[in-house]
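Engineer: Model the placement of chain H on the given structure of chain U, informed by the hints.
Chains as they are written, first to last, in our numbering: chain U, 171 to 261; chain H, 72 to 298.
Warning: the hint list may mix true and false statements.
Stretches of chain H that chain U covers, calculated by requiring three or more beta carbons in the stretch to come under 8 Å of a beta carbon on chain U [stated by the list, open to error]:
1) 76-82
2) 142-153
3) 164-177
4) 192-199
5) 261-271
Calculated cross-link-like contacts (lysine-lysine; reagent style DSSO-like; alpha-carbon spacing at most 27 Å) [unchecked claim]:
6) H:LYS265 to U:LYS194
7) H:LYS265 to U:LYS250
8) H:LYS222 to H:LYS134
9) H:LYS134 to U:LYS173
10) H:LYS287 to U:LYS174
11) U:LYS250 to H:LYS138
Think of the hints as simulated: they come from the structure by calculation, not from any bench. All C-beta atoms, glycine included, are put in the ideal place defined by N, C-alpha and C.
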Amino acid sequence: MNKKNLVFIIPIFTALLASLFASKLPDTLETLAINYGFEDKAKETFSLFSGYSFPFVENHHASTFIAGIIGLVILYILFKITTTAIRSLAK
Amino acid sequence: MHIPDGFLNNNLAGGLLAGSVGMLGYCLSKILKTVPVASRVLTNNVSGTGIDSHLGFSENANKYFQKLALIALWVFAFQMFNIPVKSATSAHLLGGAFAAILAGPFAGFAIISFVLITQSLFFSDGGILALGANIFNMAFIGSFLSYYAYKSFSRRIHCLGVFIACFFSVMTASLICLLELGLSGSIMFSTAFKDMMNLHLGVACLETLITLALIKAFRSINGQSNE
Chain U
171 MNKKNLVFII PIFTALLASL FASKLPDTLE TLAINYGFED KAKETFSLFS GYSFPFVENH
231 HASTFIAGII GLVILYILFK ITTTAIRSLA K
Chain H
72 MHIPDGFLNN NLAGGLLAGS VGMLGYCLSK ILKTVPVASR VLTNNVSGTG IDSHLGFSEN
132 ANKYFQKLAL IALWVFAFQM FNIPVKSATS AHLLGGAFAA ILAGPFAGFA IISFVLITQS
192 LFFSDGGILA LGANIFNMAF IGSFLSYYAY KSFSRRIHCL GVFIACFFSV MTASLICLLE
252 LGLSGSIMFS TAFKDMMNLH LGVACLETLI TLALIKAFRS INGQSNE
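Next up, chain H with everything else stripped away, as it sits in the complex:
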């Protein structure tokens, strides 16, 4: 679902890029507040003449940031793996639900944004001007919508929560993507609506299966994690 440059008009793409940069800054500041960053670390100074204190990350904060980096690596690697979903079409993990369920919506947004930035700048996977639209579709909707959908339904059954999170985030992201293309004059929204939804039904099912497997694998390897 990576939109390349040229599909969107410049005004829309530029506006979404500015909004995404602002949102990324906000999410980073929220992450900063959630971890005990400025915890005082007391260490013996090298000369051994006494105790020296300095500001730094607590061990928990370091582990938290390490976990975010690892989730990003997993999302990047699994996004490389395109799987055929219908005749002559393939799809890959979007990863928003996976990141948001494991790390929370703000960290999930930052993780997917960093993955998209890397893909756009170094791999031509998604345009540079269209990066804002891709961040909005995959990181914002993928993280926030899926996180709150998961929270609403996961109390009863974890799998149901993951399914609803993946299904609604993928279908909404594809709908917004189509809306952006329609507003840019690349396509008629009403004409392509049915095709777009049909194509992404398979993606939503794929997203659910991979997300369920990845959450289980990540938690068993990295330990039960809190957001």
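Bound conformation, chain U alone:
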């Protein structure tokens, strides 16, 4: 396999594995908040793919995988925009 493609395939494959096998247990900060009784202070903020789920897909694994792929695309676009901005600033 072309190495150039592999650097893109690994994060996509990792997103797939994360959608299938990632632990649903609370993370360290959530655990601390639960143990010390301040988890209710957390304010829910609205976002399109809240909790790494794609809103129009019922299947949890597929929903997480699609949300992950969208996240990768957003991040890549963000970097492209920044690179373009730096290029125009440099002129």
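Structural biologist: Just chain H now, with coordinates in the frame of chain U:
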């Protein structure tokens, strides 16, 4: 370790957000200086009447920016993967050491900041007002502390450098996180100190193992990279 909105008081969260935005701007300007951005690229013009010159990225600079984007994609994907570390607790890669060792502290800071911004705005992973605190804890400490720790110890053994970088960056980030929560009145610093450190010992070990594997994989696929 993504702090949601509501855990920190607004003054502290706002101050850290302002500081993080300023730091991100500074790091982007440092990245700009490290790459030969304004190298002159000579190209034949389309009409073929002569040689036209214009400012643009050199090929090396384009490769450098491509590498930063790829590191960000890897960090984002591996942060999705929560692994159980203790009973009823999970953790994921923070990625600061991975990004800083491969790209340098300034680029590492920018990479982790972009990942955190994406997670906060589109996935509700970490609050929007708390974004500054998350950037400070995971991007600033994660990149700068781990980079200089790695540089100090990696001359003898690469693995030792990575271990020290990961261990100190994770433990310091968790300590600062606890301090922020304590200053905001969410928790008593002294009461929760032992629990917070205990919880993050597992995270530090996990961070070391994943970072070692990712650095090896990234370098073998993308080539030995310079900062």
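Engineer: Against the structure shown, which of the earlier numbered hints fail to hold, in ascending order?
Structural biologist: 3 and 7
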